[in-house]
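Enquirer: Spelled out, the chains give:
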Amino acid sequence: MEYKGWDEFEIGAMLRSFDGAIDDIAGTAQADRKYSENNSYKASVADWRVLKPVFNKDYCIDCQFCWIFCPDVSIIARDKKMIGIDMDHCKGCGICVEVCPTNPKSLLMFLDHADSEAELAAWPEKDEEE
Amino acid sequence: MAFDKMELRDIEVWDGNHAAAQALRQCQVDVICAYPITPSTPIVEGYAQFKADNYIEGEYVLVESEHAAMSGCIGASAAGGRVATATSSQGLALMVETLYQAAGMRLPIILNIVNRALAAPLNVNGDHSDMYLCRDSGWIQFDAFSPQEAYDLNMIAFRVSEDHDVRIPSIINQDGFLTSHTAQGVHTITDDVVYNFVGTFKPMNDMLDFEHPVTHGVQTEEDWHFEHKARQHNDMMTVVPDKIENAFSDFEKLTGRKYNKVECYDMDGADIAIVCMGTSVETVREVVSEMRKDGLKVGVVGLRVVRPFPFAEIGDTLKDIKAVAALDRSAPGGAAGMLFNEISGSLFNTDSKMLLSGFIYGLGGRDLTKANIRDLYKELQANVDAGKVLTKQQQFIGVRGPKLAYL
Chain Y
440 MEYKGWDEFE
450 IGAMLRSFDG
460 AIDDIAGTAQ
470 ADRKYSENNS
480 YKASVADWRV
490 LKPVFNKDYC
500 IDCQFCWIFC
510 PDVSIIARDK
520 KMIGIDMDHC
530 KGCGICVEVC
540 PTNPKSLLMF
550 LDHADSEAEL
560 AAWPEKDEEE
Chain X
824 MAFDKMELRD
834 IEVWDGNHAA
844 AQALRQCQVD
854 VICAYPITPS
864 TPIVEGYAQF
874 KADNYIEGEY
884 VLVESEHAAM
894 SGCIGASAAG
904 GRVATATSSQ
914 GLALMVETLY
924 QAAGMRLPII
934 LNIVNRALAA
944 PLNVNGDHSD
954 MYLCRDSGWI
964 QFDAFSPQEA
974 YDLNMIAFRV
984 SEDHDVRIPS
994 IINQDGFLTS
1004 HTAQGVHTIT
1014 DDVVYNFVGT
1024 FKPMNDMLDF
1034 EHPVTHGVQT
1044 EEDWHFEHKA
1054 RQHNDMMTVV
1064 PDKIENAFSD
1074 FEKLTGRKYN
1084 KVECYDMDGA
1094 DIAIVCMGTS
1104 VETVREVVSE
1114 MRKDGLKVGV
1124 VGLRVVRPFP
1134 FAEIGDTLKD
1144 IKAVAALDRS
1154 APGGAAGMLF
1164 NEISGSLFNT
1174 DSKMLLSGFI
1184 YGLGGRDLTK
1194 ANIRDLYKEL
1204 QANVDAGKVL
1214 TKQQQFIGVR
1224 GPKLAYL
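Read top to bottom, the protein sequences are chains Y and X.
Heads up: the first sequence begins at 440 in this note's numbering, then just goes up one per residue.
Heads up: the second sequence begins at 824 in this note's numbering, then just goes up one per residue.
Do not take every clue at face value.
To spell it out: a stretch of chain Y is covered by chain X in this simulated footprint if at least three of its residues, at any positions, have a beta carbon under 8 Å from a beta carbon of chain X; those stretches are [unchecked claim]:
(1) 440 to 452
(2) 460 to 466
Keeping only pairs whose Cα atoms sit at most 30 Å apart, straight-line, the calculated DSS-like set for lysine-lysine is [as the list claims (entries may be wrong)]:
(3) Lys1120(X) / Lys1066(X)
(4) Lys1211(X) / Lys1145(X)
(5) Lys1066(X) / Lys1116(X)
(6) Lys1076(X) / Lys1176(X)
(7) Lys443(Y) / Lys1052(X)
(8) Lys1193(X) / Lys1116(X)
(9) Lys443(Y) / Lys1145(X)
(10) Lys1052(X) / Lys481(Y)
(11) Lys443(Y) / Lys1025(X)
(12) Lys1052(X) / Lys1066(X)
(13) Lys1076(X) / Lys1052(X)
(14) Lys1025(X) / Lys874(X)
(15) Lys473(Y) / Lys1201(X)
(16) Lys530(Y) / Lys481(Y)
(17) Lys530(Y) / Lys544(Y)
Here are the computed distance ranges between Cβ atoms for each label pair [as the list claims (entries may be wrong)]:
(18) Asn877(X) / Cys502(Y): 48 to 54 Å
(19) Arg472(Y) / Phe1171(X): 30 to 36 Å
(20) Thr1061(X) / Val489(Y): 46 to 52 Å
(21) Val538(Y) / Val1016(X): 56 to 62 Å
(22) Asp1065(X) / Lys443(Y): 22 to 28 Å
(23) Glu1034(X) / Ser483(Y): 25 to 31 Å
(24) Leu1031(X) / His552(Y): 53 to 59 Å
(25) Val538(Y) / Phe826(X): 43 to 49 Å
(26) Phe826(X) / Arg472(Y): 37 to 43 Å
(27) Lys443(Y) / Glu1034(X): 20 to 26 Å
(28) Asp566(Y) / Val919(X): 52 to 58 Å
By construction, these hints were calculated from the structure, which means they are not laboratory data.
Quick reminder that beta carbons are idealized off the backbone N, C-alpha and C, glycines included.
Please model the complete structure; the sequences and the hints are all you need to start from.
Expert: Put into structure tokens, the structure is as follows:
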């Protein structure tokens, strides 16, 4: 981002989310929106994450619970199907894992530097006692 | 929703609180978020009564603290409404964090402060501790010496703050009880004329503009914060003074009542002068009128605009005065008083030979008597006769016990 002088930006502690006027924002997919350079959509705000969720689509029933509960809008869903996690914005809070209703869970938390493929290969079995 | 207009007599008998509440009603504020505190309570109480009686179209939000009151005002102002509230003393102290937010976010909120001492010891009476508490907050600050001025300055403040070249919030100060609860004749302006003067609110970067979404109250660190604060200060120093002058001028054309950033009384040909704020200005004026009859060359200067501080006007007014007393109605906490400092700053590095002495007075509502003021002028005259300040530079007026003098 360009470092502007004190006289070169709009007054107030204010940033615009989009370049120009927007219309049907709810009906426009994120990838198609004209986000401004100030919008955090283009920025990674997750570099301090310690734990990360790993998504296992083999057990997912597309209930959308994780999508609803995620406080950072970091669950990517299209046409009511869970696709994955936006790792530029996920802070690793674990709420998605907490609300996941499947057995075994379709989302589990691991250390951020863990190998996701290896964790998927070693996914827990169904818990029969539950 | 339709609301009623109010028929007013040309002159109404109002105290400062009621005058401010009437001005807010006439300016057609969209949102008031309020938490009452003595002695400003009747402003928001009176406004609530107007609302209950269908004289108000806007929203009235009762909140759980003064911090929440100003926070609500900030939200409503960022959303794009005309916004105001009132507070005093401890309430203002709780509000201070959000005052800096409002100024930094460039939201044109109007805040009536009915000046009152700050605890401890707890005290509900008038001094300027709360005014001084937020003097670096980035708000424009007006000072009213009477109910009439509290009424007029509210309208002027909306005009100045809401200007798109300004967008800086304004405080209107009035003295607790001495102005706020003292009924005087107030020349009124009709509802339509007031609203026409302040104009329809013009939003800027408002959150309710759904085609242009904005994030208000962003975080910036060492790479951007300084530029934001620099711009705020620049606009206070270079834009606001002329806008205030224009608003004073337009208000004079409308009403015949002329306001000045620095109000001078009997300063023509004066040798010695007192500079002060609030109701003290009127008391000193009375003494000056009496002393002038005795042929004494005395004058008084009332500070109408506290921030941005009128350095040039104060300098021009005082440069040829031989001796000046700066009266600060706030405990200085280990320094010279604010007025002493600002007046010194206005005349330092100039050719002025003015002898300046500072006085702390009136804390917690202690009276400043006419006898006090006469003694003060005698002391100034003695300084003039000696060609130097004979006392220490900081003294206290009207406090019991051994005489206090410092600096």
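Enquirer: Taking 30 Å as the top limit, are the C-alpha atoms of lysine 530(Y) and lysine 481(Y) close enough?
Expert: holds (16 Å)
Enquirer: Verify the CB-CB distance for valine 538(Y) and valine 1016(X) against the hinted window 56 to 62 Å.
Expert: For valine 1016(X) against valine 538(Y), whose Cβ atoms are near 60 Å apart, the range 56 to 62 Å holds.
Enquirer: Per the coverage rule (Cβ-Cβ under 8 Å, at least three residues), is the segment 440 to 452 of chain Y covered by chain X?
Expert: holds (count 10)
Enquirer: Using the C-beta atoms of lysine 443(Y) and glutamate 1034(X), is the stated range 20 to 26 Å upheld?
Expert: With Cβ atoms ~24 Å apart, the hint holds.
Enquirer: Decide if the proposed pair is consistent with the structure: lysine 1193(X) and lysine 1116(X), CA atoms, cutoff 30 Å inclusive.
Expert: holds (15 Å)
Enquirer: Using the C-beta atoms of aspartate 1065(X) and lysine 443(Y), is the stated range 22 to 28 Å upheld?
Expert: For lysine 443(Y) against aspartate 1065(X), whose Cβ atoms are near 25 Å apart, the range 22 to 28 Å holds.
Enquirer: Between arginine 472(Y) and phenylalanine 1171(X), does the C-beta distance stay in 30 to 36 Å?
Expert: Hint violated: Cβ distance 56 Å, outside 30 to 36 Å.
Enquirer: Is lysine 1052(X) close enough to lysine 1066(X), meaning Cα to Cα at most 30 Å?
Expert: holds (20 Å)
Enquirer: Under the criterion that the straight-line Cα-Cα distance not exceed 30 Å, is the pair lysine 1211(X), lysine 1145(X) satisfied?
Expert: This hinted pair holds, its Cα atoms lying about 10 Å apart.
Enquirer: Does lysine 1116(X) sit within 30 Å of lysine 1066(X), going by the straight-line distance between their CA atoms?
Expert: Not satisfied, since the Cα-Cα distance of roughly 38 Å exceeds 30 Å.
Enquirer: Does the Cβ-Cβ separation between threonine 1061(X) and valine 489(Y) fall within 46 to 52 Å?
Expert: holds (48 Å)
Enquirer: Could you grab the alpha-carbon distance between lysine 443(Y) and lysine 1145(X) and see if it respects the 30 Å cut-off?
Expert: violated (48 Å)
In this structure, the earlier hints numbered 3, 5, 6, 9, 13, 15, 19 and 24 are contradicted, and the remaining ones agree with it.
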